[in-house]
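In case it helps, full-length UniProt numbering puts the sequence shown at residues 1 to 160.
Wrong hints could be hidden among the right ones.
[Stated by the list, open to error] Pairwise CB distance ranges (calculated):
(1) P2 / R119: 41 to 51 Å
(2) R29 / R160: 26 to 36 Å
(3) L153 / R119: 30 to 40 Å
(4) Q157 / D40: 33 to 43 Å
(5) M1 / L39: 33 to 43 Å
(6) M1 / R54: 30 to 40 Å
(7) D40 / I156: 34 to 44 Å
(8) W15 / E92: 13 to 23 Å
FYI, nobody ran anything at the bench for these hints, they're computed from the structure. Remember, it's a predicted structure, so these values are computed and weren't measured experimentally. Think of the CB as a built atom: it goes at the ideal place given N, C-alpha and C, for glycine as much as any other residue.
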Amino acid sequence: MPPAELRNALVAIRWSTDYLLKTVSQPDRIFVQVGDPVLDHNCWERPEDMDTARTVYTVDAPNPASDVAGETAAALAAASIAFRPSDPGYAETLLRTSTRVFDFADKNRGAYSDNLNIRDGVCPYYCDFDGYQDELLWGAAWLRRATQGDNYLSYIQENR
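Kindly produce the complete structure, drawing on both the sequences and the hints.
This is the structure:
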C-alpha cells in the first residue's frame with residue numbers, strides 16, 4: 001500500500017477507534033446506542049438535521065451485552081495491530097482497552113437485546129438471534145492475534 005494511502009487508512013481507523021474508546025470510557029459501562037430506532041428508521045433526513053430526543057442506551061454488569069462488548073474488543077484489538085508500527089502508544093491504549101472490554105464481556109454474559117431495560121428500544125432492529133458466544137470468540141481471536149497470548153488461544157479452544 002502506498003504510504004499516503006496507509007496514512008488515509010489509519011486516519012479512518014482512528015476516527016472509528018476514537019469513537020469506540022469514548023463508548024467504553026466509564027468502568028463497567030458501555031454506551032451502545034444513540035437514538036430511538038423506531039423514530040430514526042421512520043425519519044428520512046440527515047442525522048445532523050434531526051431535532052428529536054436522542055435517547056442514549058447503556059449496558060453495565062447487571063445488564064450485560066457480551067455481543068456488543070465482544071465486537072468492540074475485537075475491533076480495538078485489530079486496530080492496535082494496525083497502529084503498532086506508527087503509533088505504539090495509541091496501539092497500547094487500544095490493546096489495554098480491548099482487554100478490559102473483553103474481560104467485561106466474558107464476566108458479565110448476556111445478549112444486548114435480552115436486556116429488559118432496553119429491549120423495546122432495540123428490537124426488532126438490533127436483536128441478537130443467535131447468542132453472544134460467537135462475538136466472545138471473535139474478541140478472543142483478535143486479542144490472541146494482537147497479544148500472542150496463550151490465554152486467548154486456550155479460551156478459544158475451551159469455548160468453541
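How the hints compare with the structure:
Here the CB-CB span from P2 to R119 is close to 47 Å, well matched to the stated 41 to 51 Å. Between R29 and R160 the CB atoms are about 29 Å apart, so this pair conforms to the stated range of 26 to 36 Å. Judged by the Cβ atoms, the range 30 to 40 Å given for L153 and R119 holds: they are separated by roughly 35 Å. For the pair Q157 and D40, the supplied restraint of 33 to 43 Å holds, since their beta-carbon distance comes to about 41 Å.
Separation of M1 from L39 is about 41 Å and conforms to the stated range, judged on CB atoms against 33 to 43 Å. Separation of M1 from R54 is about 37 Å and conforms to the stated range, judged on CB atoms against 30 to 40 Å. For the pair D40 and I156, the supplied restraint of 34 to 44 Å holds, since their beta-carbon distance comes to about 36 Å. For W15 and E92, the Cβ-Cβ distance of about 19 Å falls inside the hinted range of 13 to 23 Å, so the restraint holds.
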